[in-house]
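Novice: Please construct the entire structure, taking both the sequences and the accompanying hints into account.
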Amino acid sequence: MADEGFNWLNPFASIDLGIASWADGIKQWAISNREMIQPIKRFFETVIVGIESALQATPPMAMLVVLVLIAWQAAGRRGAIVVGACLVILGLLAPEAWGLAMTTLAIVVASVILCVLIGLPLGVLAGKSDRFEGFIRPVLDTMQTIPAFVYLVPVVMMIGIGNVSGVIVTIIFALPPLVRLTSLGIRGVNPSVVEAARAFGASPGQILRKVELPLATPTILAGLNQTIMLSLSMVVIASMISVKGLGNEVLRAMGRLDAGKAIVGGLGIVMLAIVLDRITQGLGRSGRDRGHRHWWETGPVGLITAMFKKTT
Amino acid sequence: MADAREDVIRCEGIWKIFGDRSRQAMEAVRSKGLSKKDIREEFDCVVGVQDASFSVGRGEIFCIMGLSGSGKSTLIRHINRLIEPTSGTVFIEGQNVNAMNAETLRKLRAEKIGMVFQAMALMPHRTVRDNVAFSLEVRGVSETERAKVAAKAIDMVDLTGWDRKYPDELSGGMQQRVGLARALAADPTILLMDEPFSALDPLIRRQLQGTFMELSAELHKTTIFITHDLDEAIRIGDRIAIMKDGVLVQIGTPEEIVTQPADDYVADFVAGISKLDLVTAARIMQPFAAYVQAQGPQETGGWPVGKPEMNLNELVDLAVGTDHPILIAAEGQPVGVVTKRALLRGIQGRDEERAA
Ligand SMILES: Nc1ncnc2c1ncn2[C@@H]1O[C@H](COP(=O)(O)OP(=O)(O)OP(=O)(O)O)[C@@H](O)[C@H]1O
Ligand SMILES: [Mg+2]
Numbered sequence: 001m002a003d004e005g006f007n008w009l010n011p012f013a014s015i016d017l018g019i020a021s022w023a024d025g026i027k028q029w030a031i032s033n034r035e036m037i038q039p040i041k042r043f044f045e046t047v048i049v050g051i052e053s054a055l056q057a058t059p060p061m062a063m064l065v066v067l068v069l070i071a072w073q074a075a076g077r078r079g080a081i082v083v084g085a086c087l088v089i090l091g092l093l094a095p096e097a098w099g100l101a102m103t104t105l106a107i108v109v110a111s112v113i114l115c116v117l118i119g120l121p122l123g124v125l126a127g128k129s130d131r132f133e134g135f136i137r138p139v140l141d142t143m144q145t146i147p148a149f150v151y152l153v154p155v156v157m158m159i160g161i162g163n164v165s166g167v168i169v170t171i172i173f174a175l176p177p178l179v180r181l182t183s184l185g186i187r188g189v190n191p192s193v194v195e196a197a198r199a200f201g202a203s204p205g206q207i208l209r210k211v212e213l214p215l216a217t218p219t220i221l222a223g224l225n226q227t228i229m230l231s232l233s234m235v236v237i238a239s240m241i242s243v244k245g246l247g248n249e250v251l252r253a254m255g256r257l258d259a260g261k262a263i264v265g266g267l268g269i270v271m272l273a274i275v276l277d278r279i280t281q282g283l284g285r286s287g288r289d290r291g292h293r294h295w296w297e298t299g300p301v302g303l304i305t306a307m308f309k310k311t312t
Numbered sequence: 001m002a003d004a005r006e007d008v009i010r011c012e013g014i015w016k017i018f019g020d021r022s023r024q025a026m027e028a029v030r031s032k033g034l035s036k037k038d039i040r041e042e043f044d045c046v047v048g049v050q051d052a053s054f055s056v057g058r059g060e061i062f063c064i065m066g067l068s069g070s071g072k073s074t075l076i077r078h079i080n081r082l083i084e085p086t087s088g089t090v091f092i093e094g095q096n097v098n099a100m101n102a103e104t105l106r107k108l109r110a111e112k113i114g115m116v117f118q119a120m121a122l123m124p125h126r127t128v129r130d131n132v133a134f135s136l137e138v139r140g141v142s143e144t145e146r147a148k149v150a151a152k153a154i155d156m157v158d159l160t161g162w163d164r165k166y167p168d169e170l171s172g173g174m175q176q177r178v179g180l181a182r183a184l185a186a187d188p189t190i191l192l193m194d195e196p197f198s199a200l201d202p203l204i205r206r207q208l209q210g211t212f213m214e215l216s217a218e219l220h221k222t223t224i225f226i227t228h229d230l231d232e233a234i235r236i237g238d239r240i241a242i243m244k245d246g247v248l249v250q251i252g253t254p255e256e257i258v259t260q261p262a263d264d265y266v267a268d269f270v271a272g273i274s275k276l277d278l279v280t281a282a283r284i285m286q287p288f289a290a291y292v293q294a295q296g297p298q299e300t301g302g303w304p305v306g307k308p309e310m311n312l313n314e315l316v317d318l319a320v321g322t323d324h325p326i327l328i329a330a331e332g333q334p335v336g337v338v339t340k341r342a343l344l345r346g347i348q349g350r351d352e353e354r355a356a
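Line by line, the protein sequences are chains D and C.
When you line the first sequence up against my numbering, it's residues 1 to 312, in that order.
When you line the second sequence up against my numbering, it's residues 1 to 356, in that order.
Be a bit skeptical, because a hint or two may be false.
[Said to hold, decoys possible] Away from chain D, derived, C-beta distances all over 12 Å, residues of chain C:
no.	residue
1	Ser31
2	Ser35
3	Lys37
4	Val46
5	Glu103
6	Lys112
7	Glu137
8	Gly161
9	Gly172
10	Ile204
11	Leu215
12	Val279
13	Pro297
14	Gln298
15	Thr322
[What the hints assert, rightly or not] Derived CB-CB ranges, DEER-like:
no.	chain 1	residue 1	chain 2	residue 2	range
16	C	Gly140	D	Ser129	39 to 47 Å
17	C	Ser171	D	Arg187	27 to 35 Å
18	D	Ser233	C	Ser171	24 to 32 Å
19	C	Ser35	D	Arg187	33 to 41 Å
20	D	Ile113	C	Ser53	55 to 63 Å
21	D	Gln56	C	Ala199	53 to 61 Å
Honestly, the hints are just simulated from the structure, not real lab data.
Positions of the beta carbon are idealized from the N, C-alpha and C atoms, including for glycine.
Specialist: What follows is the structure, given as structure tokens:
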């Protein structure tokens with residue numbers, strides 16, 4: 001190629017900026033500096049292992065009751081019934097399905113917790129500052145559109161295969177909607193209400209805590225719902241870097257063309273998705289939808305408090 | 001009265017120019033005296049308020065009125081510094097508001113100034129009580145104290161029993177009463193009211209004006225009250241400022257505004273206003289000496305007698321019982337005469353000589 005010289009009609013073939021090898025250099029650097037990442041890796045590891053062992057230690061029936069109660073509290077009676085039905089189907093899919101689902105749930109929960117810790121502050125910042133929003137928006141676009149396989153490789157190079165890499169990859173994919181919708185929620189707060197808060201002497205911190213965040217909550221929870229769904233949709237890809245759970249079933253079924261296993265894994269993921277979706281969507285209902293009752297005045301907690309009120 | 005007055009609010013030369021190049025625009029105004037239109041064309045800036053100076057005495061109700069877009073809301077936001085002026089200074093009880101640090105300013109807003117908004121701006125996620133107690137909450141007042149103060153303020157606006165409701169469960173009139181209670185809760189010295197009643201239907205508006213006037217007579221707050229309704233301004237205000245395109249074109253008592261409009265704009269404004277309560281006998285009477293000179297010596301024994309400070313309404317009441325003119329007497333001495341003709345012209349809003 002080089003001896004043909006520079007061709008104006010096809011300049012790109014003769015220009016090599018060496019981006020690929022440059023990225024490769026970063027990879028080499030990452031491999032030789034692995035020890036630096038160890039503390040972060042260990043932190044992630046403890047979080048994930050903690051969550052997973054807690055979920056696995058709980059007897060399935062107890063877990064089912066807890067999830068149904070949470071769904072009842074968050075989404076009302078109908079939500080509770082749907083969640084209960086989905087969990088029963090999940091358990092009946094195969095004898096090992098419940099355990100696999102809990103492993104997947106642990107990865108999702110760990111990813112979502114970390115997404116909230118990272119995404120909420122970023123979203124608030126983006127909602128407050130046009131400049132930061134302008135900076136973060138293309139970053140989020142990139143995170144959402146870049147194929148997961150591109151960052152799968154460097155992450156594995158740095159951290160190795162396993163749950164930690166799985167969680168990190170999931171965060172990259174699932175974080176954007178939470179940041180976006182938090183920013184949207186903050187920006188959507190009626191400016192005259194914020195001005196009123198200012199006129200009555202509230203400080204910027206008080207305005208954020210007492211006015212902006214509460215009013216943005218439904219939008220933020222919609223973002224959280226999206227983040228959870230995206231994390232769940234990452235489990236199959238994550239299983240390629242040796243993350244266990246339902247995703248791994250699907251992957252192995254693909255390798256062996258085992259339709260039975262594929263259905264168990266696939267349906268299991270769908271059931272889990274419905275359960276998580278019902279619960280988080282219920283959380284996002286506004287005060288007016290709930291008839292302006294506080295959360296402790298409805299659902300199972302409402303029944304208990306009402307009972308206490310009667311006896312005292 | 002003017003000498004004994006203590007200024008609670010004083011604005012000196014407030015200018016507000018909106019836009020990215022407001023500073024340069026302000027410089028150009030100072031050095032070259034550019035007009036509003038020039039500023040818009042040359043600097044792409046909007047002039048919101050143009051050189052506004054006024055002061056409000058303790059306990060006074062100062063109405064600012066003008067058409068939509070004349071800069072009323074912009075001006076009132078300078079008083080508690082929700083907006084920074086491009087030029088000029090605001091003093092509250094002698095303190096320069098524009099020189100305050102953030103902490104002092106927040107304290108001033110929470111303790112000294114209550115504000116009612118055109119768009120009500122209640123917090124939809126808080127109950128009536130928590131809305132009303134907001135300024136106390138941000139100051140860190142205890143829960144029990146807040147409940148007590150809020151209950152009192154809610155009682156003042158006749159909303160007792162509604163304190164656990166949310167704003168969207170209330171009618172518009174009730175919501176604006178919550179707004180009023182919120183402004184009154186901290187017992188501030190100053191009330192800033194930005195068209196508080198204009199979003200309401202006339203009946204409710206009347207009723208709330210009544211509530212407000214009772215409260216203000218009782219509580220004696222220094223008030224700036226914005227309205228685009230001259231009837232409302234006359235009913236409520238001790239003094240009225242007329243605003244046009246960001247300029248305060250006239251400041252005066254309701255009677256001064258109605259009877260001596262400063263320019264055609266103000267004259268147009270007041271043209272439709274009933275003068276029955278505002279114009280006094282002293283303004284329309286012919287001096288007694290001049291009357292005697294014109295009509296010859298008069299036997300005034302059967303004439304009805306009025307006082308110079310009587311308004312047209314009261315004069316009409318005197319006039320209907322007799323065919324004679326009305327004799328105006330001060331301290332027992334006849335000072336003037338109001339003929340039927342002068343009275344009718346006065347009701348029309350014209351002076352007799354000019355009309356004749
Ligand atoms: N933040 C802003 N940026 C640019 N221009 C503004 C801003 N706020 C107000 N203005 C302009 O200032 C002028 C005065 O607006 P203002 O809201 O004070 O009017 P107003 O007298 O309160 O009217 P209304 O009776 O409709 O409430 C308007 O021309 C408006 O376009
Ligand atoms: Mg306005």
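Novice: Give a verdict on every hint.
Specialist: Structure-based check of all given hints:
1. Ser31: Consistent with the label, Ser31 of chain C stays out of reach of chain D, its closest Cβ about 33 Å off (over 12 Å).
2. Ser35: The claim stands: Ser35 of chain C keeps its Cβ more than 12 Å from every Cβ of chain D (closest is about 30 Å).
3. Lys37: 29 Å, holds
4. Val46: 18 Å, holds
5. Glu103: 9 Å, violated
6. Lys112: 9 Å, violated
7. Glu137: Check fails; 8 Å does not lie beyond 12 Å.
8. Gly161: 16 Å, holds
9. Gly172: Nearest chain D Cβ is 15 Å from Gly172 of chain C, so the label holds.
10. Ile204: 21 Å, holds
11. Leu215: The claim stands: Leu215 of chain C keeps its Cβ more than 12 Å from every Cβ of chain D (closest is about 19 Å).
12. Val279: 39 Å, holds
13. Pro297: The claim stands: Pro297 of chain C keeps its Cβ more than 12 Å from every Cβ of chain D (closest is about 67 Å).
14. Gln298: 62 Å, holds
15. Thr322: Given that every Cβ of chain D is farther than 12 Å from that of Thr322 of chain C, nearest at about 57 Å, it holds.
16. C:Gly140 to D:Ser129: 39 to 47 Å: The hinted range 39 to 47 Å is violated for Gly140 of chain C and Ser129 of chain D, with Cβ atoms some 28 Å apart.
17. C:Ser171 to D:Arg187: 27 to 35 Å: 30 Å, holds
18. D:Ser233 to C:Ser171: 24 to 32 Å: For Ser233 of chain D and Ser171 of chain C the Cβ distance comes to about 47 Å; the hint is violated.
19. C:Ser35 to D:Arg187: 33 to 41 Å: 36 Å, holds
20. D:Ile113 to C:Ser53: 55 to 63 Å: 58 Å, holds
21. D:Gln56 to C:Ala199: 53 to 61 Å: 59 Å Cβ-Cβ, so the 53 to 61 Å window holds.
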